[in-house]
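Trainee: Sequence:
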Amino acid sequence: MKKPELLAPAGDMEKLKIAIHFGADAVYLSGKRFGLRSAAANFSIDEMRDAVAYAHERDVKIYITVNIFFHNRDLEGIEEYLCELSDIGVDAVIISDPGIIALAREVIPDMEIHLSTQANSTNWRSAAFWKSMGISRVNMARELSLEEIKEVSSNTDIEIETFVHGAVCMAYSGRCHLSSHMTGRDANYGECTHSCRWEYSITEAKRPSERFDMEEDERGTYFFNSRDLCMIEHIPELLSAGTDSLKIEGRVKGINYVAGAVRSYRLAIDSYLNDPEGYTFKEEWLDELRKLSHRDYDTGFYLGREALVSGSSSYVRKYDFVGVIKERIGEGSFIVEARNKIMPGDHLEIMSRGEDIGELDLGEIISPDGEAMACAQPKQQFILTSDIAIEPMDIIRKEKALASDVLKKAV
1 MKKPELLAPA GDMEKLKIAI HFGADAVYLS GKRFGLRSAA ANFSIDEMRD
51 AVAYAHERDV KIYITVNIFF HNRDLEGIEE YLCELSDIGV DAVIISDPGI
101 IALAREVIPD MEIHLSTQAN STNWRSAAFW KSMGISRVNM ARELSLEEIK
151 EVSSNTDIEI ETFVHGAVCM AYSGRCHLSS HMTGRDANYG ECTHSCRWEY
201 SITEAKRPSE RFDMEEDERG TYFFNSRDLC MIEHIPELLS AGTDSLKIEG
251 RVKGINYVAG AVRSYRLAID SYLNDPEGYT FKEEWLDELR KLSHRDYDTG
301 FYLGREALVS GSSSYVRKYD FVGVIKERIG EGSFIVEARN KIMPGDHLEI
351 MSRGEDIGEL DLGEIISPDG EAMACAQPKQ QFILTSDIAI EPMDIIRKEK
401 ALASDVLKKA V
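Residues 1 to 411 in the working numbering are what the sequence shown spells out, letter by letter.
If you're looking for bench data, these hints aren't it; they were derived computationally from the structure. Predicted model, so just to flag it, every value in this text is computed and none were measured. Some hints here could point you the wrong way.
Said to hold, decoys possible - Here are the simulated PhoX-like cross-link-like pairs (lysine-lysine), alpha carbons at most 25 Å apart as the crow flies: (1) K341 - K400; (2) K17 - K3; (3) K32 - K2.
What the hints assert, rightly or not - Quick list of simulated restraints, FRET-style, between CB atoms: (4) G99 - K326: 40 to 46 Å; (5) R33 - N274: 37 to 43 Å; (6) S86 - E57: 18 to 24 Å; (7) G304 - G134: 29 to 35 Å; (8) S154 - G304: 38 to 44 Å.
Using N, Cα and C, we set each Cβ at its ideal position, and we do this for glycine too.
Put together the whole structure using the sequences plus the hints.
Mentor: What follows is the structure, given as structure tokens:
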């Protein structure tokens with residue numbers, strides 16, 4: 001069986017390193033221009049050069065998004081930019097605009113081109129057309145079922161990429177104008193304000209005095225909201241449908257999200273590849289994804305329209321990301337950088353690359369200079385000593401305190 005690619009997001013260099021540490025086969029990212037995630041820090045040309053070198057040393061590929069919807073004013077500099085990407089050795093560019101695809105074929109003919117999901121490829125003839133235009137991979141439209149994806153893979157020899165995890169735009173394959181209309185910030189330039197998550201009411205034309213509220217309550221009325229996609233329980237079906245690359249959404253998410261999502265999918269994919277016939281899904285892989293900040297999960301369109309459920313826009317946050325292991329300074333001794341407040345006595349969990357999650361009760365907090373600390377605030381460093389298996393870039397988290405527990409401590 002061909003090994004599928006696990007494709008992870010990176011909004012900056014730290015996220016890229018975390019994605020690779022936890023098992024990504026390839027990472028996609030954007031430069032400062034021409035990508036659809038302007039809220040991410042993104043990469044300068046020099047930073048992309050460093051990212052390519054770091055990834056290639058570890059046999060990981062780098063793909064660059066060039067997938068805004070180009071207007072005439074956006075064309076200035078694009079030819080030079082594509083040539084720069086080729087010069088620094090990126091493995092592929094992700095494009096949705098046919099004109100930019102044609103330009104890329106002309107100026108960087110040896111570069112792989114992947115078709116962005118924004119191009120809305122929904123059938124095998126469309127995929128075959130893009131293949132004839134020099135596209136090596138198609139990220140299929142998010143509105144397809146697994147059965148439809150299987151038909152595409154059966155009728156073409158193009159690589160197929162599908163999103164398997166993360167936030168989903170309520171608009172058709174992400175082609176949304178709501179943010180632009182409401183705020184003047186165009187989602188098709190990577191500036192989405194998530195206007196679909198706001199509170200709305202509807203007025204019917206013949207009954208202008210009546211309002212139909214769309215506010216969120218305990219269960220919510222969710223006309224626009226979509227749940228987060230989660231397909232970790234369906235790895236065999238995705239691969240059977242012909243998926244070559246399993247893509248995780250989330251370039252603007254934090255390193256805790258990137259680490260947890262990549263880790264769970266890496267474990268599930270490897271377990272299946274090691275023994276397809278005897279494969280059994282492990283609930284703890286999904287439990288780990290539930291510990292990440294997320295909206296309610298569902299399976300999108302993959303299992304058919306009857307499986308679709310609109311959901312609350314509220315995030316589920318049961319754990320706080322509190323720190324990252326920065327370096328080993330001795331046997332069982334590490335420098336930790338806090339990302340949220342850490343107190344002596346906190347029960348911490350250490351997320352590493354393997355199956356097991358380490359646990360420890362934190363004792364005294366000591367600074368790298370040997371001074372006792374009352375607590376560790378964000379960006380402060382301290383020494384962690386433990387006999388559990390820990391590596392640099394492992395993630396530290398703790399369960400969020402219940403309101404009742406906070407009140408008890410206050411009393």
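Trainee: Work down the list of hints and note, for each, if the structure agrees.
Mentor: Status of the hints after comparison with the structure:
1. K341 - K400: This hinted pair holds, its Cα atoms lying about 12 Å apart.
2. K17 - K3: holds, 22 Å
3. K32 - K2: Given pair K32, K2 is violated - Cα atoms ~35 Å apart, limit 25 Å.
4. G99 - K326: 40 to 46 Å: Given a distance of about 45 Å, which is inside 40 to 46 Å, the answer is holds.
5. R33 - N274: 37 to 43 Å: Holds, since R33 and N274 (Cβ atoms, about 42 Å apart) stay within the stated range.
6. S86 - E57: 18 to 24 Å: holds, 20 Å
7. G304 - G134: 29 to 35 Å: holds, 33 Å
8. S154 - G304: 38 to 44 Å: violated, 19 Å
Hints 3, 8, counting from the list given before, are not met by this structure.
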